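*Asks:* Modelling step: build the complete structure from the supplied sequences, incorporating the hints.
In order, the protein sequences belong to chains A and B. Heads up, the first sequence is in this note's numbering, so the first residue is 430 and it goes up one at a time. Heads up, the second sequence is in this note's numbering, so the first residue is 430 and it goes up one at a time.
Mixed in with the good hints, there may be bad ones.
Claimed, not checked - Each computed SDA-like pair below joins lysine to any residue, with the alpha-carbon atoms no more than 20 Å apart: (1) A:544 <-> B:499; (2) B:634 <-> B:555; (3) B:544 <-> A:495; (4) B:459 <-> B:542; (5) B:544 <-> A:499; (6) B:454 <-> B:632; (7) B:597 <-> B:632; (8) A:544 <-> B:555; (9) B:459 <-> B:493; (10) B:544 <-> A:498; (11) A:597 <-> A:638; (12) B:544 <-> A:496; (13) A:544 <-> B:495; (14) A:544 <-> B:498; (15) B:454 <-> B:591.
To be verified - DEER-style ranges, computed between Cβ atoms: (16) A:488 <-> B:456: 47 to 55 Å; (17) A:486 <-> B:612: 56 to 64 Å; (18) A:458 <-> B:473: 45 to 53 Å; (19) A:499 <-> B:583: 23 to 31 Å; (20) A:544 <-> B:495: 18 to 26 Å; (21) B:606 <-> A:592: 42 to 50 Å; (22) A:544 <-> B:653: 53 to 61 Å; (23) B:628 <-> A:567: 45 to 53 Å; (24) A:624 <-> B:495: 30 to 38 Å; (25) A:570 <-> B:653: 48 to 56 Å.
What the hints assert, rightly or not - Beyond 12 Å from chain A on every Cβ pair, some chain B residues (computed): (26) 454; (27) 473; (28) 475; (29) 487; (30) 489; (31) 581; (32) 585; (33) 621; (34) 640; (35) 641; (36) 647.
If you're looking for bench data, these hints aren't it; they were derived computationally from the structure. Owing to the predicted nature of the structure, the values given are computational and were not obtained by experimental measurement. No residue lacks a Cβ here, since even glycine has one placed at the ideal position from N, Cα and C.
Protein chains: 2
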Amino acid sequence: MKHRNAVLVCFSGGQDSTTCLFWAKKYFEKVETVCFTYGQKHSLETEIAGKIADDANVPFQLLDISLLSQLAPNSLTDFSIKMDNEKPENSYPNTFVPGRNMIFLTFAAVLARSKGIFDIVTGVSEADYSGYPDCRDTFIRSLNVSLNLAMDEQFVIHTPLMNRDKSKVWQLADELGVFDLIRTQTLTCYNGIPAEGCGHCPACKLRRQGLETYLLGKNKNLLL
Amino acid sequence: MKHRNAVLVCFSGGQDSTTCLFWAKKYFEKVETVCFTYGQKHSLETEIAGKIADDANVPFQLLDISLLSQLAPNSLTDFSIKMDNEKPENSYPNTFVPGRNMIFLTFAAVLARSKGIFDIVTGVSEADYSGYPDCRDTFIRSLNVSLNLAMDEQFVIHTPLMNRDKSKVWQLADELGVFDLIRTQTLTCYNGIPAEGCGHCPACKLRRQGLETYLLGKNKNLLL
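*Replies:* As structure tokens, then:
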């Protein structure tokens, strides 16, 4: 009953996890998605994720772990906290939800196991500007071991974006044939505006800079 | 704001975690408790836990993670599954909730951090008859590392019962001066009956055998 050709993608409908979804569709026969709600300000995010999954013809499951946002106040779920636009010098930006990826991936693993799936994909990246500790390769590897020990199973966590900055994520989307889809349908903006977003939040700036860098490099290569 | 003299105890009102609560009260200045509900059949369990915490004069916080029981059917939360009374030869008893301790301890760590607490106590034991993988020392140590990496903090997970069988847990309760309290007020029974319980479920058998072994040894020593 163990499918090593099946995979569960942690999916939010953003640029990164949508790229991961199509990466998974390329390399695995059977792809499912799980999307976590935890009191995000913008419920549009989960609607968009559901639509992208539907269009891609993969099952979509929503898990409500809003308990998390009650435990640790942060600017993604609490309207009374003004979002950090820059990373504070000696700490993490207040968009950081402590332990978030650990909770997500642990629930994803429990869910995957119940389906006989032991491969999990997450779009975390060490090249991410904010340096969230739970996006680092060392953490993911440690978590993978903890999950295997907790359940006496052999999970494999895949991180196709780990060493890619945003321009390389655009490149991967292009290689996977979903450049336009990701450019026009995903939602990355902290202010909840799809595609190119508000343009001034950290997520929009990062996305746009990555896109410009990628297109510049691509055009140069075309001219050579 | 970091209290190394404060501790958060994962607390269910059973024999093991109640012993841990009084162990924590002996070794730490400030003790708080967190209790997880996840659709247990017997809500009396959380009532009893709340009463013991109140009597012990420590804060008690209840976290509802019933999502967990929707993800992975098991006989502790699903009435339609008949409980295994013996451990199946090649698997775990169906009282095993996969990933349970990992979820509990991760939420406990997020909660503890929000209070400036970085010491956590759990009553897991490797000597436990069922051999649940998420009770083993190796798993707890791996999880401790994963938590520290996830949040860039220095948590310490304490497991005072790790190498104690049930008779040695009774011994510890006696040494801590709470033998009678634990004998008469805690709930361990899978069928939801406090103190000596139903007498025939695996938890009751284990508790009684441990008690008899402990009292036998104690009486022998008294006679010497």
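*Asks:* With reference to the structure, classify each hint as holding or not holding.
*Replies:* Okay, the hints, checked on the actual structure:
1. Using a Cα cut-off of 20 Å, the hinted pair residue 544 of chain A and residue 499 of chain B holds, with the two alpha carbons roughly 13 Å apart.
2. Proximity of residue 634 of chain B to residue 555 of chain B is assessed by CA-CA distance (about 18 Å); at most 20 Å being required, the pair is judged to hold.
3. Under the criterion of a C-alpha separation no larger than 20 Å, the hint pairing residue 544 of chain B with residue 495 of chain A is consistent with the structure, at around 19 Å.
4. Only pairs whose Cα atoms come within 20 Å are accepted, and residue 459 of chain B paired with residue 542 of chain B is accepted, the gap being roughly 15 Å.
5. For the suggested pair residue 544 of chain B and residue 499 of chain A, the alpha carbons sit about 13 Å apart, so the restraint of at most 20 Å is met.
6. A C-alpha spacing of about 26 Å is found between residue 454 of chain B and residue 632 of chain B, which places the hinted pair above 20 Å, so the restraint is violated.
7. For the hint pairing residue 597 of chain B with residue 632 of chain B, the CA-to-CA distance comes to about 16 Å; that is within 20 Å, so the pair holds.
8. A C-alpha spacing of about 28 Å is found between residue 544 of chain A and residue 555 of chain B, which places the hinted pair above 20 Å, so the restraint is violated.
9. Restraint check for residue 459 of chain B and residue 493 of chain B: the C-alpha separation of about 24 Å exceeds 20 Å, so the hint is violated.
10. Restraint check for residue 544 of chain B and residue 498 of chain A: satisfied, since their Cα atoms lie roughly 14 Å apart, inside the 20 Å limit.
11. Under the criterion of a C-alpha separation no larger than 20 Å, the hint pairing residue 597 of chain A with residue 638 of chain A is consistent with the structure, at around 11 Å.
12. Between residue 544 of chain B and residue 496 of chain A the CA atoms are separated by roughly 16 Å; this keeps the pair inside 20 Å, and the hint holds.
13. Under the criterion of a C-alpha separation no larger than 20 Å, the hint pairing residue 544 of chain A with residue 495 of chain B is consistent with the structure, at around 19 Å.
14. Simply put, residue 544 of chain A and residue 498 of chain B have alpha-carbon atoms about 14 Å apart, close enough for the 20 Å limit, and the pair holds.
15. With a C-alpha separation of about 18 Å, the suggested pair residue 454 of chain B and residue 591 of chain B falls inside the 20 Å cut-off, and the hint holds.
16. At roughly 49 Å, the beta carbons of residue 488 of chain A and residue 456 of chain B sit within the given window of 47 to 55 Å.
17. The hint said 56 to 64 Å for the Cβ distance between residue 486 of chain A and residue 612 of chain B, and at roughly 59 Å that hint holds.
18. About 47 Å separates the C-beta atoms of residue 458 of chain A and residue 473 of chain B, a value consistent with the hinted range of 45 to 53 Å.
19. Checking the proposed 23 to 31 Å range against residue 499 of chain A and residue 583 of chain B shows it holds: the Cβ atoms sit about 24 Å from each other.
20. Separated by about 20 Å at the C-beta atoms, residue 544 of chain A and residue 495 of chain B satisfy the suggested range of 18 to 26 Å.
21. Between residue 606 of chain B and residue 592 of chain A the beta carbon distance is about 56 Å. The supplied range of 42 to 50 Å is therefore violated.
22. For the pair residue 544 of chain A and residue 653 of chain B, the supplied restraint of 53 to 61 Å holds, since their beta-carbon distance comes to about 58 Å.
23. Take residue 628 of chain B and residue 567 of chain A: their Cβ atoms lie about 49 Å apart, and the range 45 to 53 Å holds.
24. A hinted range of 30 to 38 Å holds for the C-beta pair residue 624 of chain A and residue 495 of chain B, which are about 37 Å apart.
25. Taken as a hint, the range 48 to 56 Å holds for the pair residue 570 of chain A and residue 653 of chain B, whose Cβ atoms sit roughly 53 Å apart.
26. Against chain A, the non-interface label of residue 454 of chain B holds: every CB pair exceeds 12 Å, the least being about 24 Å.
27. At roughly 23 Å, the least C-beta separation between residue 473 of chain B and chain A is larger than 12 Å, which holds for a residue marked as non-interface.
28. The Cβ of residue 475 of chain B lies farther than 12 Å from every Cβ of chain A, with a closest approach of about 16 Å, so its non-interface assignment holds.
29. Consistency note on residue 487 of chain B: stated as away from chain A, and its beta-carbon is indeed over 12 Å from all of that chain's, at 19 Å minimum.
30. Every CB of chain A lies more than 12 Å from the CB of residue 489 of chain B, the least distance being 16 Å, so the non-interface label holds.
31. Distance to chain A contradicts residue 581 of chain B as a non-interface residue, since its nearest Cβ pair spans about 4 Å, not more than 12 Å.
32. Distance to chain A confirms residue 585 of chain B as a non-interface residue, since its nearest Cβ pair spans about 16 Å, more than 12 Å.
33. Here residue 621 of chain B stays apart from chain A, with its beta-carbon at least about 25 Å from theirs, past the 12 Å limit.
34. Listed as a non-interface residue, residue 640 of chain B keeps its Cβ farther than 12 Å from every Cβ of chain A; the least gap is roughly 30 Å.
35. The beta carbon of residue 641 of chain B is kept farther than 12 Å from every beta carbon of chain A, the shortest such distance being approximately 31 Å.
36. No Cβ of chain A approaches the Cβ of residue 647 of chain B within 12 Å, the least distance being about 36 Å, so the stated non-interface status holds.
Comparing the model with each earlier hint shows violations of hints 6, 8, 9, 21, 31; every other hint is respected.
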